[in-house]
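**Student:** So the protein sequences, as listed, match chains L and V. For the first sequence, this note's numbering begins at 1 and goes up steadily by one. For the second sequence, this note's numbering begins at 1 and goes up steadily by one.
Hints were generated in silico from the structure; no laboratory data involved. Cβ atoms here follow ideal geometry from the backbone N, Cα and C, with glycine treated the same way. Some clues are possibly wrong.
Claimed, not checked - Straight-line Cα separation of at most 30 Å, DSS-like style, residue types lysine-lysine; simulated pairs:
#1 K83/V with K145/L
#2 K145/L with K203/V
#3 K189/V with K148/L
#4 K174/L with K735/L
#5 K306/V with K543/L
#6 K335/V with K273/L
#7 K306/V with K735/L
#8 K203/V with K158/V
#9 K145/L with K335/V
#10 K672/L with K335/V
#11 K70/L with K230/L
#12 K111/L with K229/L
#13 K70/L with K549/L
#14 K549/L with K105/V
Said to hold, decoys possible - Covered by chain V, according to a simulated footprint, are these stretches of chain L (three or more residues, beta-carbon under 8 Å):
#15 221 to 230
#16 363 to 375
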Amino acid sequence: MRIKTITQYFLIFFVLLFSSSLFSKDTELSFWQFVVPEKEMRKILDEFEKRHPNIKVKMQQLNWRDGLDKIITSIATGITFDVCELGSTWVAYFASNGLLYGISDIISSHKDSFAYDALGNLEYKGNFYSTPWVAGTRVLYYNKKIFKQAGIDPDKPPLNWDELESYILKIASKCPGVYPFALPVGENYTPWQTFLPFLWSAGGSLFDPETNKVYINSKRNIETLRYYKKIGNYSLLTRQAHIDRNFALGKVAMIISGGWNIGLIPRLNPQLKFGISKIPGFEGNSVSFLGGEVLGIYQRSRHIAESKQLINFLISPEIQMRITKIVPSFIPTHKDCLNSPSFMSLAYRTKFIEQIKTSKSPPPSPKWSQIEEEISWAIEDTLFNNVKPEYIMEKLENKVEGIISLESKWGGKSQYSKFTSYIFLISILSMLVFLFLLINITRKKRVSEIPFRKSMPMFLFLSPWLIIFIIFYLFPFIYSFVLSLTDFSPLKGFSGFCGFANYAKILADPEFKKSFMHTLYFALGTCPVSLILALFSSLVIYKKIPFYKVFQAGIFAPIAISVIVASTVFSYFYSTEGIFNKLLALLNLPIPFPDNWLINPNLALLSVMIMNIWYSFGLYMIILTAGLHSIPREIIEVSIIDGAGSWHRLIHIILPQLKPFILIVVILNTVKAFQVFPEIFTMTQGGPHGATLTLVYYLYKTGFHEFDMGKASAIGYILFFIIGFLSILEALIFKKEEVYER
Amino acid sequence: MNDNKKREHRRNIILFFAILPLFIVTVSPFFIILKIAFTPEGITTANNYELILWQPEINDPHDGWTFEQCVMSAKVIKTDSDKQFDLSLNFTPSGGNAKWILPLKQNILNFDRMELKIDSSIPSFYLGFVDIYGNQTSKVITVKSSTNKNQVISIPLKKFKLSNINTSNVSNVYFAFNSAGEQYLKLGKISLVYKFFTLANFKEVLLTASFGRYFFNSALISIIVTLGNILLSTMAGFAFSWKSYPLRRFLFISTLIMIMIPMQLFMVPLFILVQRFGWLNSYNALIIPFLISPINIFLMKQFISKIPKDFAEVALIDGASYFQVFFRIIFPMCKPAITVVGINTFVGTWNSFLYPFIFTNTVEMRTLPVGLALYIGLFDVDWAHLMSASAISALPVLILFLCFQKYIITGMLSGTAYQN
């Protein structure tokens, strides 16, 4: 009887368990976004989960800066989202690679509820792959107090180009301490976001996405660029963040910027009386830039229906209102939101909405990230150098044509697949031959060599390293090599081997030569200086001068800080109001133009080098100190007894003993110098006009901006060969004299 | 002998002054970081350490007032020093109130006190702060009418119960006047004076729950990876520097090769591996691939090969196994190199950004540098919080170094110990 009841209970238990797992089949959606802070978004998603009890949403918070990279890397390796927020300029790329699910049905069901031109450039080849979510635009901010000082009516902002120019001239003459205007430079996105509104309002255009015809080199655009250069002569030229800050502090009369200033200005300077108006357009036709955030579904998502429900929820007017309350620099895309009076009563809202009605997005192109970089470079070239606008526009048109025409070669098998299998085999064989030679040449049969069996314990000691080496070093090494022989792109997958074409392409690329030279300068500049400083400080500290402990701690301290933080702090030092400029002023030396060192093509690389030296020589000092302490004291004492002077002692005794450590320092230094990346990434992103483009940054750009992983791997390999060659060279130079010790 | 000593002493002083500028240059960014971390946000842009909320020159006296049973009229008076608004408030005989609301979008904790030039026939008024969620805190302020026309009232903010409101999200400050009959009110400049230094930034950084988690993750990972490296790479260095045996050279050269490879090259393959193992967003991914680093192996090998091996050889002949030789003799002798390896690894892991960034998705797994990077927005940098967060995250490394500095300097455990 008891057994029966027990089994009965068990059965019931299992049935319940089984059935509950059947019924509580919660779908779990993966949602990636970056426009709303994590906590607030979680609250919104919790509400969605409440309304849809069997859908759970897992959120991954991205970051503005690295969001795109993270998305690409993840897709490349199979981690995907169900719903993701994208920038509107990224959609074409993702769509053209078949990564987004077509959601024209959502669009058509909401067709009439999208305000202004939110759908603008989201259509790709007749289909929609994303829905508008929230959007931002740019307007003209102007300082009313400066207007009054210059004799301009503070309630009459400039409405067209002529007025803008005359206002600028008035302010320049009557208010000498302020900048009449400001134009952003030094980044990849803000220069074109400010320039294109001018281009569009004059009726110019970039290119036609359907026919791929480029219209850049037109008379209108040349005149626009000429006008831009004219007002650029009176403008503060720096990054957008500094422009906003300087405007808030009353140092710039007029700027073109986005909604985030509404919160920023009262915080920085509550006394500032400023006004907002539409961007002055050519003959009054005001056009601005539309920066849209959109939502898309991954093509191979397994929960399409639920994803659509999530999207419908997120783009509903109620949620859009909530989001734009949390992040007031954004504007909803739903008509109903724009009509609600409580919403419109938020400060300056009406002005933004007026402007957004005449805002445009750039034409959709899968290669936009490359195009935007070229446009930004062309703008910077105009503003900094005295090159004729005609020449710049012509060059730009050629470049953009080159980029766009590559597009048509995509898709389909690569032409090289026929010959590549042979090349692949040959390269594998040659690698094996090389390894074989390596083993035999460097190996000298010694009398004291232990036979294999007896050396087993040695291998035991080596085993942890061997395991990790094979899994985490050897496999990626070989995989990268194979990758470098293909034209793999993370979003398209393999389309065939192309042999050493990648390598040939790279060696012929002028950008590669440039980055190689820059890296070489960088290494030549930082290694000797670092070494000398480290040597000097370790020797001095070894002498136990007063307070030596304090010195040692202080010199080591920079390493305690993360590179990213150190780079950010230094970029503050190099800015216009930073310490370096103040120092120059103190010494009565001329301040360079442009005065932000990181935007100055001549000073940018030097600035990064200085920061790198500051950051790294402490580590080398420690290594050399450890080396100094390993010198047997007796040798030194004997030399003192023998009557050697301290200088002689230094050169002939200490330095030779220190040789292996100096070798370590030199090799480490070279390797790190050639691999310099986080500093460049944080401070200059490749620099003003590629002035700080180094090899690793070139690799990163190829892999993550142009999404060409095959070429990127090839660059990595070339870099590796260069570093290896140099290291072997250095080791040989040092080892020559070590022969005696052996 | 005395002469020599004097000469040496003099030379030490010269060296001291030679290295001093280098030291100052190296350390000064720290002071700047600390200065910004302790400084209230916004002080750099302020004049005279005050934030002017309202000034008669600029603002309209009618902005922001609400009345109940009261009527106001205003006129501008020019006093000796600056402008002043002369307001007359006509309350009904049964009493009324007038409330004046000024927008205030600051973090109250950054300020020490409020200073306002006010003269009034109303003996006292309410001064309150409201945050964006509607919470308020207020206090009664008495106005002593005096003949001094430039009377400035200084109201320390400590006296307010600031725990009632969300101090970093204040939205308004208000003045409420309750009275009856005709009253006058003379208003001059109203400003908030910044504290000279504040702990508000640190408080805010530490109170965000995610920071504590980031710190813990970083600490856990760094400690485990450092200990693993110390043990395992010494073992590998020992194996490489001892006797010669087949494949030793080949393996060592391949180790060297791995040092030179840029991280970005391995990013995608490593990500695939980690994903296949199911380690994504877990501690495994952040620890296991980094348990041994080729640079450390190289350092240890260089060091061990410099040690005279007499003791160890004797022990081997006497019948000790390699393990015993290693753990009892060689390992203790390596302390200087181990210190270097340990510090190098700890600092490198503590500050590493690229791989934790790729491998982690959620707050629970992120490390400090990734968290710090989030303070750097696209268009502006949150300096005050970034500096205080960096100061906190740099602390463990500095403390560790200060502790181990002894071992490096005194040379107590340096190679000379084994020389009898």
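**Student:** For every hint, state whether the structure bears it out.
**Tutor:** Cross-check of the supplied hints:
1. K83/V with K145/L: Measuring from Cα to Cα gives roughly 18 Å; hence the hint holds.
2. K145/L with K203/V: Violated, at about 37 Å.
3. K189/V with K148/L: holds, 22 Å
4. K174/L with K735/L: The given pair, whose Cα atoms are some 70 Å apart, is violated under the 30 Å limit.
5. K306/V with K543/L: holds, 23 Å
6. K335/V with K273/L: violated, 65 Å
7. K306/V with K735/L: Between K306/V and K735/L the Cα gap is close to 14 Å, so the pair holds against 30 Å.
8. K203/V with K158/V: holds, 16 Å
9. K145/L with K335/V: violated, 67 Å
10. K672/L with K335/V: holds, 25 Å
11. K70/L with K230/L: violated, 40 Å
12. K111/L with K229/L: Outside the cut-off at roughly 41 Å; violated.
13. K70/L with K549/L: It is violated: about 43 Å lies between the C-alpha atoms, which goes past 30 Å.
14. K549/L with K105/V: violated, 46 Å
15. 221 to 230: violated (count 0)
16. 363 to 375: violated (count 0)
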